[in-house]
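S.K.: Spelled out from the first residue to the last, the chains are:
Number of protein chains: 2
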Amino acid sequence: MISKDELNRYQREALEIFGRTHIVVTPAEVEQIEIADFGLGQFEQTGLGVLVYVNTQRCCAKELAMWPRQTCPEHLHPNVGDELGKEETFRCRWGKVFLYLLGETTKTPQCKPPAGRENTYSVWHEVELGPGDQYTLKPETLHWFQAGDEGAVVSEFSTRSRDESDIFTDEEIARAARIE
Amino acid sequence: MISKDELNRYQREALEIFGRTHIVVTPAEVEQIEIADFGLGQFEQTGLGVLVYVNTQRCCAKELAMWPRQTCPEHLHPNVGDELGKEETFRCRWGKVFLYLLGETTKTPQCKPPAGRENTYSVWHEVELGPGDQYTLKPETLHWFQAGDEGAVVSEFSTRSRDESDIFTDEEIARAARIE
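Here the protein sequences come in this chain order: A and B.
Letter 118 of the first sequence, counting from 1, is numbered 112 in the numbering used here, and no numbers are missing.
Letter 165 of the second sequence, counting from 1, is numbered 159 in the numbering used here, and no numbers are missing.
Don't take each hint at face value.
No distinction is drawn between identical chains; accordingly, a pair holds when it is met within one copy or between any pair of copies.
SDA-like, lysine to any residue: derived pairs with alpha carbons at most 25 angstroms apart [to be verified]:
id	residue 1	residue 2
1	101	51
2	106	70
3	90	22
4	90	63
5	132	0
6	106	48
7	56	20
8	106	20
9	-2	98
10	101	78
11	90	166
12	101	69
13	132	69
14	132	77
15	90	118
16	101	37
17	132	23
18	132	1
19	56	128
20	106	34
21	101	39
22	101	16
23	132	26
24	-2	133
25	132	14
26	132	13
27	56	14
28	56	23
Simulated from the structure, these hints should not be mistaken for lab results.
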């Protein structure tokens, strides 16, 4: 549960993080930055600051602000009925982000899952993204990611975003951050 | 027709234009920047520098570099068979861009079409975009746009990009810039 005060504080901090890339964010957009704690109430450990530029029936673009070592928890975007699941490309703009996918396990990964939730992380093929690096994920691909020691700014280009259909490995996660 | 030397020069200039937003472009990407002159051979008047981040069957993201007063000529993205035409969102990152659409004619527009091609511009509803402003276009919407006096950087988020199906008002325009 994120209080209104926390929401405002984290939105300002997200703006600061975005500022490291010199991205222009309008005052109206600052108030729309989503502070997603995935229902766990430990935003700086498990969470994302999300600025949605556009999300139509067909395509979506977002800017993600990540606090130092913050994790977006393991999940996938399923096909729903006839509709293919979300396809997404992550492009690192600033800082560093470590993406974990199904595939050959990286022997000495550079990240640890958030403390106490280790058993909800199962894929360990690491892809390291620095500024200008990007990676495209097909639907139904299990993945999670964590920012480096300084945090990160990541652009996400994708098909329609329907967070409510995402499937998380951690059953305690409810996608929508509840606001008091 | 753009020569190899011109291509290299314009790619370097595009990198400079992108640099005004502090966007990180990798060395490999610089060589992939498309210098699109729409076949007219007057790139600085009618053209675009295009860095394609991703273009799959389902979605696409690009960065556009625009030289001062450079114009992307009037066109639309048609539905093809069962498939809806391209939907696109333009977000201005730096400089200024003037978008022209079907709709109420703007009495004192801030742009003039490229000299000698005035009769290939027919829509005059002006939308002015500064840094942080954006506009979403549905398929089959006739449009053109021109950068302001300093040029512009514009992010384009869209569905699949299939330039070959674009319909231009100017019949002389061949979309693919031919490289000697």
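S.K.: State whether the alpha carbon distance between residue 106 and residue 34 is at most 25 angstroms within one copy, between copies, both, or neither.
M.R.: Within one copy only: 17 angstroms inside a chain, 55 angstroms across chains, cut-off 25 angstroms.
S.K.: Please sort residue 90 with residue 166 into within, between, both or neither, judging by C-alpha distance up to 25 angstroms.
M.R.: neither (27 angstroms within a copy, 46 angstroms between copies)
S.K.: One pair to classify: residue 106 and residue 70, alpha carbons no more than 25 angstroms apart. Within, between, both, or neither?
M.R.: within (19 angstroms within a copy, 48 angstroms between copies)
S.K.: Is the C-alpha distance from residue 101 to residue 37 at most 25 angstroms within one copy, between copies, in both cases, or in neither?
M.R.: neither (28 angstroms within a copy, 50 angstroms between copies)
S.K.: Under a CA distance limit of 25 angstroms, which applies to residue 106 and residue 48: within one copy, between copies, both, or neither?
M.R.: Classified as neither: same-chain Cα gap 32 angstroms, cross-chain 30 angstroms, threshold 25 angstroms.
S.K.: Pop the pair residue 132 and residue 0 into one bin, within, between, both or neither, using alpha-carbon distances up to 25 angstroms.
M.R.: So residue 132 and residue 0 fail the 25 angstroms test inside a copy (34 angstroms) and across (37 angstroms) alike.
S.K.: Pop the pair residue 90 and residue 22 into one bin, within, between, both or neither, using alpha-carbon distances up to 25 angstroms.
M.R.: Between copies, since 19 angstroms is at most 25 angstroms while 28 angstroms is not.
S.K.: If the cutoff is 25 angstroms on CA atoms, where do residue 56 and residue 14 land: within, between, both or neither? Let me know, please.
M.R.: both (16 angstroms within a copy, 21 angstroms between copies)
S.K.: Within, between, both or neither: how does the pair residue 101, residue 51 come out at a Cα-Cα threshold of 25 angstroms?
M.R.: neither (40 angstroms within a copy, 34 angstroms between copies)
S.K.: Given a CA cutoff of 25 angstroms, do residue 132 and residue 13 count as a within-copy pair, a between-copy pair, both, or neither?
M.R.: Neither: 30 angstroms inside a copy, 31 angstroms across copies.
S.K.: Up to 25 angstroms between alpha-carbons, please classify residue 56 paired with residue 128: within, between, both or neither.
M.R.: both (14 angstroms within a copy, 13 angstroms between copies)
S.K.: For residue 90 vs residue 63, is the C-alpha pair at or below 25 angstroms within one copy, between two copies, both, or neither?
M.R.: within (10 angstroms within a copy, 36 angstroms between copies)
In this structure, the earlier hints numbered 1, 5, 6, 8, 9, 10, 11, 16, 18, 22, 24, 25, 26 are contradicted, and the remaining ones agree with it.
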